[in-house]
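The hints should help you fit chains B, C and D onto chain A, whose structure is shown.
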Amino acid sequence: MIVNQFLVLGALLFSIGVYGVLVRRNAVLVLLSIELMLAAVNINLVAFGAYVDDAVAAGQVFALFVITVAAAEVGIGLAIVVLIFRNRSSANVDELDLMKW
Amino acid sequence: MSWFDQGWGLSLTVFLPLVGVGMLLLIPKSQERLIKFVALGFGLASFAASILLLFRFEFGSSEAFQFGTDLTWIPAIGSNYHIGIDGISLPMMVLSTFITVLAIVYSWNHWPDPHNPKAFLALILLLATGMAGTFVALDLILFFIFFELVLLPMYFMIGVWGDRTMIRLPGFKREVETRLYASIKFFLFTLFGSAFMLLGFLAIYFKSDPHTFDIVALHQAGSMGVFDGTYGMWVFAALFLGFAVKVPMWPLHTWLPDAHTAAPTVGSVLLAAILLKLGAYGFIRISLPILPEQAQTWAPAIAILAVIAIVYGSLACLAQTDMKRLIAFSSVGHMGFVMLAISTLTEAGLNAAVIGMVAHGVITGLLFFIAGSMAHRYHTREMARLGGNQTLMPIMAGILAFTAMASLGLPGLAGFWGEFMALLGAFNPLAGLSLGVFRTAMVVGAVGTVLTAGYLLWMLQKVNLGEPSEEWLGKDLHDADRFELAAWVPLVVAILAIGIWPKIVFGATEGAVANLIKTAFGG
Amino acid sequence: MFDYHALAPELIIGGTLLVALLADLVLPENRKYLVGVIGLVGLAAALLPLLTVGFCDDLPFCEGGAARVMFGGSYVVDDFALVLKGLFVLTGIISVLMSVAYIESDRYYQGEFYFLIIASVLGAVIMASSRDLITLFIGLELVSGPAFLLAGWRKGDVRSNEASLKFFLIGVLSAAILLFGMSLVYGLTGEITFEGIRVASAGLSEEPAFILGVIFILVGFGFKIAAVPFHFWAPDTYQGAPTPVAAYLSVGSKAAGFVGLLTICYLAFANVADIWGPVLWILAVLSMTIGNLTALKQTNIVRLLGYSSIAHAGFVLVPFAMAAAYDAEGLESAFSASITYLLFYAFMNLGAFAVVIAGAEKAGSAEIDDWAGLSRYAPGLASLLGIFFFSLAGIPPLAGWFAKFVMFRSVMGGGAGAWGVALAVIAAVNAVVALYYYARVVKTAFMDPVPATAPLELAARHQTAPALALVLGITAAVVIVAGFYPPILSFFGDAARVLSFGG
Amino acid sequence: MTTLLGLLALAEGGEHAVEVVTDPGGFVGVLADFAWLIPVVPLLATFAIVLVGKRLPLKGWELAEGAIGFVAIYAVALLIANWVTPMAVEHHIEISRIGSLPGLGDLVLEWGWVVDGLSIMMFTVVGVVGFFVFTYAKGYMEGDVRFTFFFASFSLFAGGMLVLVIAPNLIQLIVGWELVGVASYLLIGHWWEDHDNNAAAIKAFITNKIADVGLFVGVIILGITVGSFRITDVLDAVARHDSALAAVAFWAGLGLFIGAMGKSAQMPFHVWLPDAMAGPTPVSSLMHAATMVTAGVYLVGRMFPLYQTGGMADDVKTIIILAGGATLLLTGLIALVQDDIKKVLAYSTLSQLGYMTAAMGAGAYTAGLFHLFTHAFFKGLLFLAAGSVIHGVHSNNMSDMGGLRRFMPSTYKTFLIGSVALAGIFPLSGFWSKDEILASLSNDASHGGGAAATLVLVLAILGAFITAFYMTRAVYLTFFGEYRGDGHPHESPRVMTYPLWGLAALAAVAGFVNIPGVYTPFTEWLASRIHVMGDHHAGGLNWALALIGTAVALAGIAAGTRLFRRDAATQAERDRFRIPVLYPLLEHKYYFDDLYLNGIVGPIKGPIARFVVWTNQVVIDGVVNAFGAAARFASGYVYGWVDQRGIDLAINVVAAGAGEAGGVVRKAQTGKVQQYAGALFAGAVLLVVGFLIFS
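Protein chains in written order, with my numbering: chain A, 142 to 242; chain B, 24 to 546; chain C, 147 to 649; chain D, -8 to 686.
Pulled out of the complex, with its shape left as it was, chain A reads as follows (with noise of 0.2 Å):
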């Protein structure tokens, strides 16, 4: 089968994550963007795992586990930006520079 047009969408999305996270200011969508890149991880992953196919299938399994733990991670990060936004009422992530020097 052809594994390299998955490779190329995984690629997109993961440049996609990218520009976001670097020029997104609000703190969530910053956070979507990460999510973006995993998922491009997560193709990657299914993709190889259908091409290599072996026998524990790890590409899938590995998939679970990514799944899971960005779930865990946007959990975490979100409890992060909630408490930002309630001492600072904003959750935009370019006016976090207080120890700049």
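Worth flagging that the hints you see were computed from the coordinates, not collected in a lab. As the structure is a prediction and not an experimental result, all values here were calculated from the model. The beta-carbon is built from N, C-alpha and C at its ideal position, and this holds for glycine as well. Possibly wrong hints are sitting among the right ones.
[Unchecked claim] Per the computed footprint, the stretches of chain A lying under chain C, defined by three or more beta-carbons under 8 Å from a beta-carbon of chain C, are:
#	region
1	151 to 164
2	167 to 177
3	193 to 205
4	218 to 224
Leaving out everything else, chains B, C and D in the frame of chain A:
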């Protein structure tokens, strides 16, 4: 006493002061008398051990490492606790323990600000361990540890108890306290040197086969030319950097005047008397025997740097107005003679180097003691303001004059032998070395002795002679007290003894040196 | 399949977690510190099986030897793993001890705090044994996740929040990059276990996608060990986070990152050292140089330690750098050099942070200038400061020298050649530069006059908390003794070396 | 026969070597074996005086006097013994082995003592003259601030001088050489409250130290090439025409002679001696006239076979003779214009040392040392007498004296005897020794000495005239005419006058021990050396030269009398036209001092030294501090730009890598976290790209 001869004697000499440090830390700060006695006790114990070794030493076979032991220390890197002394290290070790005791005695009632005898004495004892250890270590890593062990105490001694006058450095806006500048300068200079020295040790280790840090084994390897070619060149360069900073050789010497001047009296004494010797000793013990080929290549360069140091140091002294700084600069010149002697790679040269080091140790140590005591009385070191000291404090002035005479290499006193024999060695260096360079060096060095005489006599004139300026007439300037005399008289005796009967030192060194030269240079 | 003896540490810590949670539910507010005690007991208990497994061959009741392989090679308990688990558990214990007083001072969520630290330690312990990508990744996340929260523990403090969010975002981003790299590696080798990857990756060192994968994985760990240029989060986070947490991050989680790097580089990518060797050479040089130079300018001690820990990461990376050039002996000594460095670094850095905590309480601030003349009113503390900082600077006879030494040793030998020597020289110069800023703090504490603003009467009243004092005592003792007799630590570094390649 | 030191040496594992050429045996042998006491006793006396001197009834003088008395007796005993049977005995005690020379064996340090004619003669001079001077000094220094310290230094000098003359090897010779130098430094600066005296003392020390460079080099050359520092070994090598030595002998000989020029104050090293008069007069008498300044001549004598014709360094002889000639004339002239009576005698000493040196240069071993011998007595006497005068009138200047013969008769008579002896009038000692020098010079001129010898002969005769002239001047200005000083001059106490008479007697008769062709025991004494001294010594009395010399001297006296007998009052002004052309030159002592001070010492002490310190503080330390500054700057730069702001650049890289447009990048540069993220990603990209490019 077999246990004593099999490593315990040396270990006691080296580590008793360290135990003393531990004891001091347990004593509350308020118990000053107790603190002093404990410190003195451990200093004396270490000294006694070294003297006992001196008497048990087999002078007949002074080329052999005696009283040694070789225990595994850090198996991970194949480094052992290998110690022992031969005729070269014996005088240096005894000197270090000797000076330590005197330093403690002198400190008895001379406390620089901020007082705190507990910390001060602890640092002296720590230094003692480092100094003695360096002279007995027969393993490169062990040597390195002891060599570095003196850094911290001296850094604190200068930085905490040092001279607080403000100086402005050329090219800098802000003024800074001398002690702060001097201490960190000393620290960084030495660490810079020794970092490269460590790389050099590693390079030796990996080139030797089987890999070893054992100095004795490496002497053999070196004499068989294992470390030849450009590889050895770089290694020698690395070691050179480490040792030359410590000696110090021109132009790596500039930490010395600052450190010596800023340090408290005892600090200056220990610096001048022992610490400077660690570098020169490193050359004799490590560089020469392990890298003989490179030593021969480098010898002319070292000789040239040495004579530059002699003349440069003396000229610098002529322009000093601060008595202590003058003495500090004089060390540059005198160590120049030691290095010149070493660079000749001859028996006469190395004998001269060792006796020169011992002599410089006792003489300059005493000079710093006196300079310190005078600053203690007059609250100034400006020679322009002093004068007529001979009238005000006859005894102290007398000892100062005596020591100055010894320092300018007066025959019959300790200083002469090192100086004269350095020149002697320079006249015919090891076969194959450029006669032109060394004989020129000899003449320049001889001229250096004239300059030396010059600045010392002028110092005496400014400080001792003439009518005392009236600013001192009212003051009660008591002459040397009993602690000062207790610390100085032994040094005076040593100066005389070594001067009249240099065999005290040569008797130990001659065999060891002859063997070293023979194995390393086949000469 | 299951080797309960070998897995005992993980199980005990896991159990401790549950107990801690329950205890936190039932305990009244003023008894919460007991959770910490429970944690300590649990962690201490976890040390026991480590020892019994480690010295299995000498013990009558124990069979199976020291190196045990489980789950088809995915999970291995060899001496390397044991040593590092030991390190992590000890770090955990010390961090908890440091925290007790600190957390009590602002009294909320103590229970969760200890819970999270122990969880993070558990993650690190798992990483030490994981020998495939998934386990490694899980372990990594288990280390990071709690750490994100811990960094933001002082909820009221905006700096703390900020530290936490920065840490989190960068952490997750790097995790994503790491995963992307892993996915590529998996795809190109078709293997998950390190052994399999090592075999399959034999010919791949020219394959761009594979190179991309490897480098992305390095980047992911580079974040964890705070190597330049992936270090930016570290100073901010250390400064903002509660100091004990900063201590834990700079030692525990950094060490965890190195464990991942070590195992994956030396086991999975052993055949493609020519890829990661040069990369890590560059990272090492950048980390040492920029870390040290930047530290020179710092005015806040915690931040200074942050940059110093970056520089130290560079020093730990040094032995990796020449891997491509090493012969077998060289590889082994490099591997052990890194571990030994980590062991020594752990103790002196934890000690340094402990001093900073105690000192900040005495001097009322963590700004260097406020520490002027500390030795006048807190001589003991000042001396400890000197001990730990000069040890970090690598001045004999304090333990640090040996760490530096093995680091130099690894690049000078093993046929490292000119690049190795060059790296050694750069490291040497950096060591000298580093001395300057360490010495500057000591100088302030010892040689500067006490400022008028110094809260002397407060300092006089204030007593260092016993737990913290205990930490100081232990670490100081280790630093001094190991300085004169390094084998007490280097023994473990060595042991780890010998058997990890056997296992 | 082992002695105490020998035992000590053996105990130390050294060897005690005895080298006997003509063993006197018996009691004399014992004397020779214990001769090491000669230097040791005064040195011990020195320590004793320093330690307990102040507490003794006579404040330490008795120790000094006892020591020097012992030396005198011992020396005379040896002299007599040597008179009966010439002896030459050497003892060496090894201190230690300091190295080995390929082919030559070990190089050792030794203490030792040589008892032969030459050293015995010197013992006698030092001992006897010393005894008189020490006695005299008790009176002269009575009530001085540092009476005790004075005698400590004085017997230190005696000890050092004897270490020098008893030395069988060059190292020990250097030891004594420097010891007398220090003693001289201490005694010239005895009244150190006045910085002029200190300056004089330092000048003396430094000048000698400069000359010592030559001595050191010479000694080192000899020691290394011969493989031993023993003088006998060196002379053996000369005797057997050792080729290695022959190659360097000239330089070695020159080096030694430069050292000798320093101690014996030959031009251009003469500048220190006149200033040395700042010391107490007994010092000037014993050290700066009788003994110490003759050490240079002694050294040449001791090493004579090296210089003598057929020796290896006989080319040096020309230099020696010329140096001597120049010194004897030029310094003699300066004596003409001095007002300070001690300065007159000082320049006269320089001039007489010139005679000795010239004689040595002429290869006249005996003549040179004979003049040393006689000169010791009459010049010592003259200084003591002058001291007695100064003691009487409390001034050094002859312009404050005059007519003193009435007030201090014995001083006057003894001074007169000394002057006549110095002028070389028959039959006083000076006549014999000076005549022998003239004879040897002419002899040398006719035996290959060449033009130099002839020239110096003429100079010497001229010098005889000048000597007589200035001594006459001194006598008239001091003892005749009206007393011009203030206060009432008085004769000195007996403790001072008796020594004057003692020395006067010796000054009168000392010459008879060497009447050429008639009775010459002195020549035999000096001949009793381990090595034969070739010495072309004029056979009989050279009548022609004797007459010329005497005539010239008488002429000088006549001229002096005519010029100075009547109006001594205003001599200072009159000197100006009495010595028309030379005067300004003489007044400024040929500008030597100005040259040395402003030309050499000044620059070194001033600009050069300051420049060196400047290089130290600014150049070398500048580099050091620059490193520090650079590190600080770099850290500022790295922290400010790379670590904190420069990440923007990283973002651009990412943007470029991700093919983004610049506009987006602008926006991207806001939040710090995102910059960190950007840096992270940029790092990754850079590494990958870099790797793909470079591998």
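**Hint numbers not upheld by this structure, sorted from lowest to highest** = The structure conflicts with no hint, since it agrees with every one listed earlier.
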